[in-house]
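**Q** Those sequence lines, one after another, are chains A and B.
Residue numbers for the first sequence, in our numbering: 1 to 372.
Residue numbers for the second sequence, in our numbering: 1 to 639.
Worth double-checking, as some hints may not be accurate.
Computed Cβ-Cβ distance ranges for the label pairs, DEER-style [what the hints assert, rightly or not]: (1) A/Ile68 - B/Leu22: 30 to 40 Å; (2) B/Trp218 - A/Glu256: 20 to 30 Å; (3) B/His147 - A/Glu256: 26 to 36 Å; (4) B/Lys120 - A/Glu256: 46 to 56 Å; (5) B/Arg52 - A/Glu137: 44 to 54 Å.
Calculated from the model, a selection of chain A residues having no Cβ within reach of chain B, i.e. all distances over 10 Å [claimed, not checked]: (6) Val62; (7) Leu90; (8) Phe97; (9) Phe98; (10) Val176; (11) Met185; (12) Leu196; (13) Thr199; (14) Pro205; (15) Asp214; (16) Lys217; (17) Leu221; (18) Ile244; (19) Tyr293; (20) Ser353.
Since the hints were made in silico from the structure, they are not lab data.
Here a beta-carbon is modelled for each residue, glycine too, at the ideal position from N, C-alpha and C.
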Amino acid sequence: MAHARRGLRVREQFDWPLLLSIFAVAIVGLVNLYSATSPYLEMGGKTSIADIYVTQVYWLVVGGLMAILVTLIDYRNFERLAYVAYGVGLFSLALVFFVASDVRGAARWIRLGSFAFQPSEFMKLGVILAVARFLSEDPKTEARSLVDLIPAAALLAVPSGLVMAQPDFGTSIILVLTVGCMLAMARIRVRSILTLVATVAGSAPILWQYVLRDYQKDRILSFINPEADLTGAGWHAFQSQTAIGNGGVWGSGFREGTQNQFGFLPDQFSDFPFAVFAEDWGFLGSFLLVCVYSFICIWAIRIASMAKDRFGAAVAIGVGAMIFWHTVFNLGMATGVLPVVGITLPLFSYGGSSVLTIMIGFGLLMNVSLRR
Amino acid sequence: MRLLVQKSDVGEFRRRYRWMVLSVLIAFLGLTARLAQLQIFERDIHRAQARRNIVGTVTLATTRGVIRDREGRVLAANRPSYDVYVVPEKLDLDETWPRLAQLMNLSAGEDAQYKEKIKKQTGKLSSQQILLKVDVAREVFAALKTHKDELPGVIATPSAVRYYPYGDLAGHLLGYMRETNQDDLARWEDRGYRPGDRLGAIGVEQRWEGYLKGQRGWQKQVMGRRAKKNIEQFEAKYLEDPRRLEPVPGRDLSLTIDIELERSIERAMRGQLAGAVVVVDVRTGRLLAALSKPGFDPNVISGSMGKEAIGDAFARLYKDPLKPLLDKTISAAYPPGSTYKPFSALAALDEQLITPKSEVDCRGGYEFGRRFFRCTGVHRQVNLYDAIVQSCNTYFYALGELIHIDRLSGIGMDFGFGVKTGIGVNPEARGRMPTRAWYARRYKGEGFRGGFTLLSAIGQGATTVTVLQLTLAYAALANGGTLYQPQVVRSIETSDGTVVQDFPPRVRKIIEIPSERLQLIRDALHGVVMDKKGTAHKEALDGVDMAGKTGTAQVSHVTPKGVDPQKVWYFNRDHAWFSGFAPAESPEIAIVVLIEHGGGGGKNAVPVAMRVVRDWQDLRGEHKAAEETSERRTREQQL
Chain A
1 MAHARRGLRV REQFDWPLLL SIFAVAIVGL VNLYSATSPY LEMGGKTSIA
51 DIYVTQVYWL VVGGLMAILV TLIDYRNFER LAYVAYGVGL FSLALVFFVA
101 SDVRGAARWI RLGSFAFQPS EFMKLGVILA VARFLSEDPK TEARSLVDLI
151 PAAALLAVPS GLVMAQPDFG TSIILVLTVG CMLAMARIRV RSILTLVATV
201 AGSAPILWQY VLRDYQKDRI LSFINPEADL TGAGWHAFQS QTAIGNGGVW
251 GSGFREGTQN QFGFLPDQFS DFPFAVFAED WGFLGSFLLV CVYSFICIWA
301 IRIASMAKDR FGAAVAIGVG AMIFWHTVFN LGMATGVLPV VGITLPLFSY
351 GGSSVLTIMI GFGLLMNVSL RR
Chain B
1 MRLLVQKSDV GEFRRRYRWM VLSVLIAFLG LTARLAQLQI FERDIHRAQA
51 RRNIVGTVTL ATTRGVIRDR EGRVLAANRP SYDVYVVPEK LDLDETWPRL
101 AQLMNLSAGE DAQYKEKIKK QTGKLSSQQI LLKVDVAREV FAALKTHKDE
151 LPGVIATPSA VRYYPYGDLA GHLLGYMRET NQDDLARWED RGYRPGDRLG
201 AIGVEQRWEG YLKGQRGWQK QVMGRRAKKN IEQFEAKYLE DPRRLEPVPG
251 RDLSLTIDIE LERSIERAMR GQLAGAVVVV DVRTGRLLAA LSKPGFDPNV
301 ISGSMGKEAI GDAFARLYKD PLKPLLDKTI SAAYPPGSTY KPFSALAALD
351 EQLITPKSEV DCRGGYEFGR RFFRCTGVHR QVNLYDAIVQ SCNTYFYALG
401 ELIHIDRLSG IGMDFGFGVK TGIGVNPEAR GRMPTRAWYA RRYKGEGFRG
451 GFTLLSAIGQ GATTVTVLQL TLAYAALANG GTLYQPQVVR SIETSDGTVV
501 QDFPPRVRKI IEIPSERLQL IRDALHGVVM DKKGTAHKEA LDGVDMAGKT
551 GTAQVSHVTP KGVDPQKVWY FNRDHAWFSG FAPAESPEIA IVVLIEHGGG
601 GGKNAVPVAM RVVRDWQDLR GEHKAAEETS ERRTREQQL
């Protein structure tokens, strides 16, 4: 009886806008990935880079299946398993330090047979679930002080510290900001917020001095003063902006953007797929894409507002915030308004872990949306 | 379990959603604004930058003009030099090096020396390519290219170097090539020189640089990954016209000199250490040959044997007390000695101080004031003819006592002494025709002494001339008083042989002297060679029809710097001169031979002149025969 009713409700209130918008981004992202790697097609010979869009299709399929699976299981089961997921994530994150393979001096990957995955990506979901459970179980109704937030801060601090140590500055920023958004839903004392802001501001120099690596500092410095070093860290951002501007209003056309086709875009399939897109499709295309991303973020907030419990609302906000910050940071660095910190664009950037994380997140959103 | 936990109300979150939506909208609106800025307002800037990224310009090299002699023989041209470079970092000394050494046929000594050189390049230097050897044989270059894949870190490339097939013959006149320096690049910014370019250093190479060098071209290209396929399509889309500027090859030059005559002079001068010879055509003032000894091989100092060889060669040239880098035909002035006597005679005749018949009794010298001026011998009664033929100084001392020194130098200046000839190549020495005013400036307070005029009359004292000036003055004696501007370049041609500009002879001055007076002098000069008493007679060759004047010029006894004291005697010897023209009756060429510190002119300079004129007669015969043959052929063809 209960089962049948739930099935009925799923059919009646299925979240088509969410599905369609995610589907649209995935398809456009895939096509764009093809454009991004197409210069390598004509180089002759078999180069693995030219084939990565095929691999991306596999990940999208796997991600889609996982999203369906996650949607089907009632999210209250995830609430129960939140700390377990968090623990597993933390464990694999710690494992990185022992069995990691290096990419550009940063150890982020764990190799399982032929599949390398990034625990830090999945950890985002673990943290979202754990913080959501904490918020859901927190019985307070009056405004919270900093002391009340200590458990949540601890949940955040451990993984983001580990990620920072890899070092992966970008992902730890995403973690901090995502959790920040989730906590922002709860009532917090004004004085506590002020204290927090002051503490962050005060600790910035310490962060700069002792935590950030040289290459990370370079990126930030070159962001502040781009002309200083056009060959080094500023180069990527400069070429990306050139590509975007080169697209103009109408775009150069599919696979016609010269910045990409002639190899001036660095990391065009991981960090700068948006530059490829903006060059091919112009302001018109990039504006539409920005609209779709903002729709997804706002829709996530809507799902949260209609959730039937605090856990569902917190998860929806967490996933929405994760997508929001990824998008803002990636577009920000592609357009030169934020430093280059290596944050992927959801479903546009190539990468199994990244695709799976977003797809699972999408499954969670759908789950909350269907069970309101 | 769940019942035990007190769940908070969802409502607590509600009031924040609106703020969140607003934040999302603001963030994405900001990004949209930035996109609009990049893609709409600043589009042109970025589009231009994107175009600059993919469009590049490659330089198209030009070739320097060829220099030929009057018969079309190549004196300076370009050839490829095959140079071998290595990148120490990429070169495996154990694996690759033995193979390379074998392919290059390196001797054991070279092998060790080069290996040492490579090993020295450590650290950062080891990633930069270093020049191993220049100008390897073509076969070696071909072998290195064939085995390129087996030789990582080895680069073999051809570069153009200037090539002078006749080596040091006429080296001073032709000049050589040197690398541009900072000054050149700054001074001639508009001429398109780049660091590493070479330009003419002296002689024709320097003076005619603007014509010889040619102009680089360029071509726009689409560069980058995708350009390899469908290149035309991309060029049509992204390249703006004009897409290409053809390089302009340098102009070729035809010189007036005859390199075979030059070779003959070199042969005739073989027994001499240092000196200069100039031959001009008396009918045109064109330079037929000019040799300054000792010389240098322009091939070496132009860099065909590598940069190190240039430095070594210059170090040697600068140290040599015989001054091989100095062009002694143009850039140095010497006392002319007795070769100046014909001009002194002309001055006295002009002033009517003497007649051809006036006689002087030579008793071995001339007393003037409290000084005794020596003669070369005791000539007894001599008239003008005898005085020139026997080179009697006494006659000219007597003449010097009669004449004002300004007249003596005046006639000299009429014949082009004391002023630059305007040849245009290499820095010219002016020489000196001393006047009263000059002495007054020079010896302040001491006053003018009559003895100065006596010395001037025999071409000594303060009088100095360049070899070129003297040759042109004798040419004027020979041709009836026409002083020409000397010419080295006959015509400018394009690389396919079309004449762009032809230079006709240029007369500087017609010297107004009655022709019978010049004939008188010419007869006397003929007597110098033909007369039994003539100072050149002993060395005359059968079949060489020449007139001229010997000279033995005393040099001031000053030890040149840096000369081994054991060798100072050499630098104190007199200069030997002979100036003349041939054939004696209807002159075609004028020739001057100077042998520095050669001793007596009759004994040392005359034989050189004789042999050169003999060779010239032979060459002239050959040329005439060749011309006649070709003329006949053309005529036959026309028929």
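**Q** Take the hints in turn and mark each one as holding or not.
**A** Hint by hint, here is what the structure shows:
no.	hint	verdict
1	A/Ile68 - B/Leu22: 30 to 40 Å	holds, 33 Å
2	B/Trp218 - A/Glu256: 20 to 30 Å	holds, 27 Å
3	B/His147 - A/Glu256: 26 to 36 Å	violated, 43 Å
4	B/Lys120 - A/Glu256: 46 to 56 Å	holds, 51 Å
5	B/Arg52 - A/Glu137: 44 to 54 Å	violated, 60 Å
6	Val62	holds, 29 Å
7	Leu90	holds, 23 Å
8	Phe97	holds, 34 Å
9	Phe98	holds, 35 Å
10	Val176	holds, 16 Å
11	Met185	violated, 4 Å
12	Leu196	holds, 16 Å
13	Thr199	holds, 22 Å
14	Pro205	holds, 27 Å
15	Asp214	holds, 20 Å
16	Lys217	holds, 24 Å
17	Leu221	holds, 21 Å
18	Ile244	violated, 5 Å
19	Tyr293	violated, 7 Å
20	Ser353	holds, 25 Å
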